[in-house]
Amino acid sequence: MEHVRRRQIIAATKACIHRDGIVRASANRIAREAGIAPALITHYFDDKDALLVETFRSIYREFTTDIRRRLGLARTAQERMLSLLEVQISPSTLTPEAVTTWFSIYATMREYPVLERIEHAYDRRFLSNLTHALRGMGLEAGEARDVAEELSVFIDGLWQNLANPVTFSAERARGLLYRYLDRRLPGFAFAPPPDETAARTADDRGLSGEAKQFLKDNLPISPVRISSATIVELRAQLAQLYRPEAKAAAREFGLKLAQVRVGGVEALQIAPKSGAAVPASARVFYLFGGGYVTGDPESDLPISGRLAMRLGAAVLSPRYRLAPEHPFPAALEDVLAAYRGFVAETPAPFFLVGESAGGGLALALLQAARREGLRLPSAVALLSPWVDLTHGLPSANDGFDPTFTRRNLMESARLYSGAGADLADPRLSPLFGDLTGMPPVVITTGSRDILREQALALAEALTAAGTSVELHDWPGLWHVFEFYRALPEAGQSLDRVVAFLRHHSPSALEQAS
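When we follow the working numbering, the leftmost residue of the sequence shown carries the number 1, and every step to the right adds one.
Simulated from the structure, these hints should not be mistaken for lab results. Keep in mind that the hints are not guaranteed to be accurate.
[As the list claims (entries may be wrong)] Straight line, CA to CA, 35 Å or less: simulated DSBU-like cross-link-like pairs of lysine-lysine:
| id | residue 1 | residue 2 |
| --- | --- | --- |
| 1 | K216 | K247 |
| 2 | K273 | K256 |
| 3 | K247 | K273 |
| 4 | K212 | K273 |
| 5 | K256 | K212 |
| 6 | K212 | K247 |
Here the structure is a predicted model, which is why all the values come from computation and not from measurement.
Put together the whole structure using the sequences plus the hints.
Shown next, in the form of structure tokens:
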């Protein structure tokens, strides 16, 4: 009830400021507008100043929610750029009350340092995301920054005019924006990005019956909230949920499992039981996911076991340490130690595969291995990789991915990074590291993936660094959907991954094919 009442009071505050101005929008007027007793305002907010701060924040929350949803539909850098701009002039968010409230509070911002911090943080994030999208369209870094700053100023001018909806409408603002884009960036053909409802409906229409049922059963998402207090209980719940599925996967794929130590690190070795002998060179170094706080090699058998079966290869999956008991850099230290031992006993070529947090670890591992002069894999597969723990790229799919929430991602990042670590450190967020000289990479994601923006950004960054990249963006699917063995799409995606790996090392797997 509290969150409903707070929303009601904030809506009444916007209406009062729009009608009466910020000075005359007293607590009594706001209470009358909301139809509540004035005492309830001080019950839910300490005073009028606190209410104004929350009202200002609510405007940016609405923008951020809209941005995330729109970005989830974007298929190209240009569509992402347009989505960022469209939300600034969207009639659904740019109501007269929102515009008047924003300008009224903005005019008094010097009295509220916290409001200045909110405004500056939003501006920096908007410019960063806009610049990144423009870079993805092929603009040089300097020009991308210039265009982003110009567009930001242009949007501010549109907002000033939108404060008077009688003489200036959101539709007119939109027309002026596209006219400006056509003149400023004449080499591009601009058209509005896709409608959200129509695009998501179109994405879901092609899903298998199993995938549609999964979405029906798991949305809206209501996950256990990850925290240091709940992590032990959560691991036990996940083990109870996933271990039967892992055993079923081992039976279906005909796997032989062995506990081994490589480079001083415990690991699970996975190989086909029957068929042709596994070539010594047909090996995969596999890193499981789980947000650095959950997971183990056995739970990932629906993916790693299918790869072993389809490739006819031996798969080694290190059992790296988990946070919060073992924070950064424990996981990276473990996989690097195991990788050293793996490379020492494995003739070239071999493959590297990682999913989610394991995908981020795989990329950080590649960067560390290259620095040490270790042999690199012939090809790499990253499934819904988590490569940016700063979460500077907004996730449009929070609430649309049936398996994970942005809040749990951010809490996992906090638990893994520990005290004092810089989340932008490439060892934590390898998207910001040196991506040159990488082997060919295949990346999988889906239009509902909570980390889809990171997958797309990584594909663009690797391509810009000269790496051969293949991106599989599956309509309607979610974070590491390959994990769900019953989905036809899971097998189809891994078949394409296997084809990519084989293509980049055909001779090594000649016996297995």
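Please flag the earlier hints that this structure goes against, numbers listed from lowest up.
-> Checked against the structure, no hint fails, so every one of them is satisfied.
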